[in-house]
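Dock chain B against the given chain A, drawing on the hints supplied.
In the order they appear, the protein sequences are chains A and B. So the first sequence is residues 68 to 731, counted in this note's numbering. So the second sequence is residues 4 to 347, counted in this note's numbering.
Hints should not be assumed to be uniformly reliable.
[To be verified] Okay, the calculated bits of chain A under chain B, using three or more residues with CB under 8 Å as the criterion:
(1) 100-114
(2) 245-256
(3) 306-319
(4) 371-377
(5) 381-391
(6) 397-406
(7) 558-564
The set of hints was computed from the structure by calculation and includes no laboratory data. Each residue gets a CB set at the ideal place from its N, CA and C atoms; glycine is no exception.
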Amino acid sequence: MATAATAPQDGISDTPEAVVVRFAGDSGDGMQLTGGQFTLSTALAGNDLATFPDFPAEIRAPTGTLFGVSAFQINFGSREINTAGDAPDVLVAMNPAALKVNIAALKPGGLVIADTGAFTKRNLDKAHYDSNPLEDGSLAKFDLLAFDISEKTIEAVKPYGLGNKDALRSKNMWTLGLALWLFDRDRAPIHEWLKQKFRRNPDIADANIAALDAGHAYGETAELSGPIKQLHIPPVLSEPGLYRTVTGAEAVSLGLVAGAQLAKLPMFFGGYPITPASAILHHLARLKEFGVTTFQAEDEIAAICAAIGASYAGSLGVTSSSGPGIALKTEAMGLAIMTELPLVIVNSQRGGPSTGLPTKTEQSDLYQAVYGRNGDAPMPVIAARSPSDSFECAIEACRIAVQYMTPVMLLTDGYIANAAEPWKVPDPETFAPFPVTFADADSLGLAGQGGVDAAGAGSKGDTHQSVVQPYARDAKGARPWIRPGTPELMHRIGGIEKAQGTGHIDYSPDNHQAMTDARRDKVLGVDRPDQEIALGEPGGTLAVVGWGSTYGPILQAVRRSIAKGRKVAHIHVRHIWPLPENLGELLRGFDHVLVPEMNTGQFKTVLRDQYLIDARPLTKTSGQPFQIAELEAAIEKYFDGIPGNEGGEVPANDQQLPNTGSLA
Amino acid sequence: MNDMTPITTTMKDWETDQEVRWCPGCGDYAILKAVQRTLPQLGCDPKNTVFVSGIGCSSRFPYYIESYGFHTIHGRAPAVATGIKLANPELDIWLVTGDGDGLSIGGNHMMHVLRRNVNMQIMLFNNEIYGLTKGQASPTSREGTRSPSTPLGSYDHPAKPAAFALGSGARFVARGFDVSKKLPEVLIAAHAHKGAAFIEIFQNCIVYNKDVFDDFAAPKGAEARQLWLEDGEPMLFAGGTKGLALDAVNLALTVVDVTDGDWQAAGVVVHDVRNRSLAHMLVEMPFGPFPMALGVLYDHPRPTFEDAVIAERAQASEGKQPDLAKLLATGQTWTVDAAEDEQV
Numbered sequence: 068m069a070t071a072a073t074a075p076q077d078g079i080s081d082t083p084e085a086v087v088v089r090f091a092g093d094s095g096d097g098m099q100l101t102g103g104q105f106t107l108s109t110a111l112a113g114n115d116l117a118t119f120p121d122f123p124a125e126i127r128a129p130t131g132t133l134f135g136v137s138a139f140q141i142n143f144g145s146r147e148i149n150t151a152g153d154a155p156d157v158l159v160a161m162n163p164a165a166l167k168v169n170i171a172a173l174k175p176g177g178l179v180i181a182d183t184g185a186f187t188k189r190n191l192d193k194a195h196y197d198s199n200p201l202e203d204g205s206l207a208k209f210d211l212l213a214f215d216i217s218e219k220t221i222e223a224v225k226p227y228g229l230g231n232k233d234a235l236r237s238k239n240m241w242t243l244g245l246a247l248w249l250f251d252r253d254r255a256p257i258h259e260w261l262k263q264k265f266r267r268n269p270d271i272a273d274a275n276i277a278a279l280d281a282g283h284a285y286g287e288t289a290e291l292s293g294p295i296k297q298l299h300i301p302p303v304l305s306e307p308g309l310y311r312t313v314t315g316a317e318a319v320s321l322g323l324v325a326g327a328q329l330a331k332l333p334m335f336f337g338g339y340p341i342t343p344a345s346a347i348l349h350h351l352a353r354l355k356e357f358g359v360t361t362f363q364a365e366d367e368i369a370a371i372c373a374a375i376g377a378s379y380a381g382s383l384g385v386t387s388s389s390g391p392g393i394a395l396k397t398e399a400m401g402l403a404i405m406t407e408l409p410l411v412i413v414n415s416q417r418g419g420p421s422t423g424l425p426t427k428t429e430q431s432d433l434y435q436a437v438y439g440r441n442g443d444a445p446m447p448v449i450a451a452r453s454p455s456d457s458f459e460c461a462i463e464a465c466r467i468a469v470q471y472m473t474p475v476m477l478l479t480d481g482y483i484a485n486a487a488e489p490w491k492v493p494d495p496e497t498f499a500p501f502p503v504t505f506a507d508a509d510s511l512g513l514a515g516q517g518g519v520d521a522a523g524a525g526s527k528g529d530t531h532q533s534v535v536q537p538y539a540r541d542a543k544g545a546r547p548w549i550r551p552g553t554p555e556l557m558h559r560i561g562g563i564e565k566a567q568g569t570g571h572i573d574y575s576p577d578n579h580q581a582m583t584d585a586r587r588d589k590v591l592g593v594d595r596p597d598q599e600i601a602l603g604e605p606g607g608t609l610a611v612v613g614w615g616s617t618y619g620p621i622l623q624a625v626r627r628s629i630a631k632g633r634k635v636a637h638i639h640v641r642h643i644w645p646l647p648e649n650l651g652e653l654l655r656g657f658d659h660v661l662v663p664e665m666n667t668g669q670f671k672t673v674l675r676d677q678y679l680i681d682a683r684p685l686t687k688t689s690g691q692p693f694q695i696a697e698l699e700a701a702i703e704k705y706f707d708g709i710p711g712n713e714g715g716e717v718p719a720n721d722q723q724l725p726n727t728g729s730l731a
Numbered sequence: 004m005n006d007m008t009p010i011t012t013t014m015k016d017w018e019t020d021q022e023v024r025w026c027p028g029c030g031d032y033a034i035l036k037a038v039q040r041t042l043p044q045l046g047c048d049p050k051n052t053v054f055v056s057g058i059g060c061s062s063r064f065p066y067y068i069e070s071y072g073f074h075t076i077h078g079r080a081p082a083v084a085t086g087i088k089l090a091n092p093e094l095d096i097w098l099v100t101g102d103g104d105g106l107s108i109g110g111n112h113m114m115h116v117l118r119r120n121v122n123m124q125i126m127l128f129n130n131e132i133y134g135l136t137k138g139q140a141s142p143t144s145r146e147g148t149r150s151p152s153t154p155l156g157s158y159d160h161p162a163k164p165a166a167f168a169l170g171s172g173a174r175f176v177a178r179g180f181d182v183s184k185k186l187p188e189v190l191i192a193a194h195a196h197k198g199a200a201f202i203e204i205f206q207n208c209i210v211y212n213k214d215v216f217d218d219f220a221a222p223k224g225a226e227a228r229q230l231w232l233e234d235g236e237p238m239l240f241a242g243g244t245k246g247l248a249l250d251a252v253n254l255a256l257t258v259v260d261v262t263d264g265d266w267q268a269a270g271v272v273v274h275d276v277r278n279r280s281l282a283h284m285l286v287e288m289p290f291g292p293f294p295m296a297l298g299v300l301y302d303h304p305r306p307t308f309e310d311a312v313i314a315e316r317a318q319a320s321e322g323k324q325p326d327l328a329k330l331l332a333t334g335q336t337w338t339v340d341a342a343e344d345e346q347v
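The following block holds chain B by itself, in its conformation from the complex:
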């Protein structure tokens, strides 16, 4: 986010005249709407907003938002965005990437933008597949994924985006999914965080990886499979009948039953977005035995990269006049004068 004067816009103000070219039914449509719905709520100003993307289905996103937009090259959006932010820290930057773009070809840049803590919102659309290149297994595809490049099933172990982000030093890690009504809340929290805010958004690729997140995202039975985290609130799910407690022996979270709403008796942990250890446990929690942890997993700001760059530049410039003529004549100099020349 930025320190900015909020302005009034409507959802329509954030729509472009470009025909949206995603497949019918793609989860990207829902995310686009969620973002366009959220931007007015945040008081964002289209002229100071920049959407930066890499390559892939998700990276077409900037063309559909009426703000400044830069559709860069595969995997490099974090680097381009870093340059934009350093050149003009006033700009509010939203980075749009996918699991292939952000974690495979651009994994290195993702790591560094997070550890440097460049102030921007990073939305990683995770559909566990390469969509635009027609369905190859991606770094987040589950083991055994059959695809044109892995006809007998993939055998490489998938990366966990939220765990990767946390391990890279991210100070804000959140999760949501495309059609979730709570996605705008997550986006608002990300925007409120000053620094690199990483949001993993599970996104349904209707053509190449259909319904792969249905286990937790399908409306039916969602309550029992989704744990929506709230800072300062007990980690409850399944209508408050289950919760997460700490298994002190194994230093891990464990699912406990909650009777009559007495979560304290069941030892349910209260979520603290500033607790990094807890965040590590949440991102490592396997879905299945556990619910899918959604919402803000971790939110603990520290100074941003661009502030450090600005401060250093100010410090280095203090009391110095930028005098080019003087700079050119730096070092040991000598003068050849005309008189001496004539004598010779």
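So that you can see chain A by itself, here it is in the shape it has in the complex:
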């Protein structure tokens, strides 16, 4: 397999099961677009795939610089693919900086495709190369295909009368054309896409198509004479059905729409621009016909507060952000907990603390999600494990929010939000609806009482005596959802401690104790499925426990270890809080528990606290996903007979992007 953790193979076989390709260039070179279209063509060819877009925080970093390198990695094959792949087999480098940042990742014997036109003295200097690596033999251990892509692109688009600068914008399409040839892909869908994208500017569309076709034609010609050969990767065996590609941000948006429909509620989404969460706001803003109202608020706080207001008025309030924005929303989450209103909070985690690594992935907001509020403020937390899993998780978040009258946090991360994978389009009919019934005077047994004492005789003589019980609880511990506008049920709620039942201001010791317990018990009682084992058997030597986007690499690493005869199992937790009821028992059945996380060991702490088990951390905080090899090596330490070497920290890995910090 292409992502072998053991000794790298020399070169690529003619019919590999899977291949990893990385496109790298300047942030203005259109690498994300190239990668996205290559992904589409790969999906259409029936391969399974996973992608890893990796781009700098700067929109247009100065051209040619190391920190401005943008890359898109795709792992695709004729078998199940769960990760974006460890080391690439093919590296497309559009300039010296892209080569410098990425070459360390390439497998020995891998193929480098480079644009000599961009390897100018100036660009070499910017990338801190003393000599041209395409010429000085430093790439000897790789196959090298270096030629002037810039010049060939200019030639290809000449008939369209573009200036050199505009012509060079089609360089990425020329490169994509070559890649399409290399993996025997159909060009027609990309032609269609270009025509659609540039429908107002047919000349540009034609120029790009010409560049794409020229790149493709070059492949055919080069095969006759050169070092590259076309590779055939047969389609993967998949369950029959309709498929599409989906990113996590898309899947979250679709899941929220589906969740609101299943609850039979209009959705109100309050958002504020932040990387990498903005994509959800962008998607939902185009779905107004589904009863979605999107509100770009003045700040993160207003975004969540408006969502709380909307929930209060009978919509499903949703807000979304990333770590720093979630921090700003914290006080308002407490308000939603105290007023017991439904709310879904999506956190697309990124590297932190503070501004941290806006475009890089991390899982370091788990403490924030589970514990990070003032007071005893319990809140259900669920975590999506992949782009497509985000769909179901978003529905689950909506269900818990409306059934338990509580805010719910859905954790994804930068990797899940941006990465794409094939998705078997689900049938909405297969999801159990959870329609909301708002309280009215009849349902609360108050019809005709006017929300106030009918006789108007209260404790203060002739003023009203409250009979509405907004904080009465059902069997699940949830209070009724009473929309303003409902006759006879006028009442007041707020963030100040409430009296049981009436919801009046009440600071009395017994009441605060009772309400604190009620809020805790309600959340701890959330109906959630028992924990299943993702792979392996119960009761073995080692349980590898993950959550969130580490699913793919853990699954593959455990699969390989099991194949070697190791008694290891993969357990992947979706319900982070409250934890599945059987999880403690399940974990105690193993001799050891290893918790790989892209943080300094946060879920490990929760597991230790909840179950008093010796869960060991395996942590990685380089802003990059785990590689399969790293996990496989960590698992192996439980079977190598050397005591005390288990767990620990995975060092930053220069096979992954970007490592410009140490290079620049």
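Structure of chain B alone, referenced to chain A:
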């Protein structure tokens, strides 16, 4: 305000059974009574009325009004109210805030609710002090205010709520004070305005900033110190013996004497609530050399935010059937069929 069918209520219908917890003598009591007296006059329906507040003395207000009420968190009431209004535009929303809540911690939200023009009445109780936290200087405290946090006197320049509102794009700006008999009139005008209606209500904090507004609010000599504005009427005060004229050289208002009621001869300006330039001059007018301008300073409606949201949603939905199955299958799709599977 809302397009609504007026219903009949009495002042009592708007009172709750909750014990009012403000300090004895607090100006908030007078405002509460004024509001409870006004709501029946407006034909408001308790079930469609929502009082939303932030944090502070003023923000306890919703607990004392028999309607729907939401006591939110410090400064954020405008954001919560915006969400309520967008989710159900039929609701009649009254926002209650103070100088600390609305202009300090919540200043940003106040600016945006005004510029967006979300339809609601915003009552900012200005007592120039933090009351509930025991008397610290607030953003409207006058320079030199001695307080626990400014023992030697404050030195930051105070914000002017009405000027802030106008500068934020408010289309209705009015002023009143707690014990004024004319406060209900101001509330009625605010409710009649479709859009965000900002009312600065000077409110006497009897404990921490006692009688700070006496210069113009005290009954004695009030006539000479209060200018009650009426649309289409000359800007007269002191029993009609003084008025405001335009100083064309300095582009400012100036106080002129009016003899024998001949205000025209004195050049007194006729108030026009739709004149934004005039409103700017009125909110900037320093008290002392000038009277305190009270009543409706500016009232010039424009389309509301929620109407724009509703219109956009309708436009975006036009001719579209919300089909979830179709939505999920959006984009480029491909089919893996069973037959092909078997061949492989």
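**Prompt:** Which hints from the list above does the structure break, by number from lowest to highest?
**Reply:** Going through the list in order, the structure violates hint 2 alone and respects the others.
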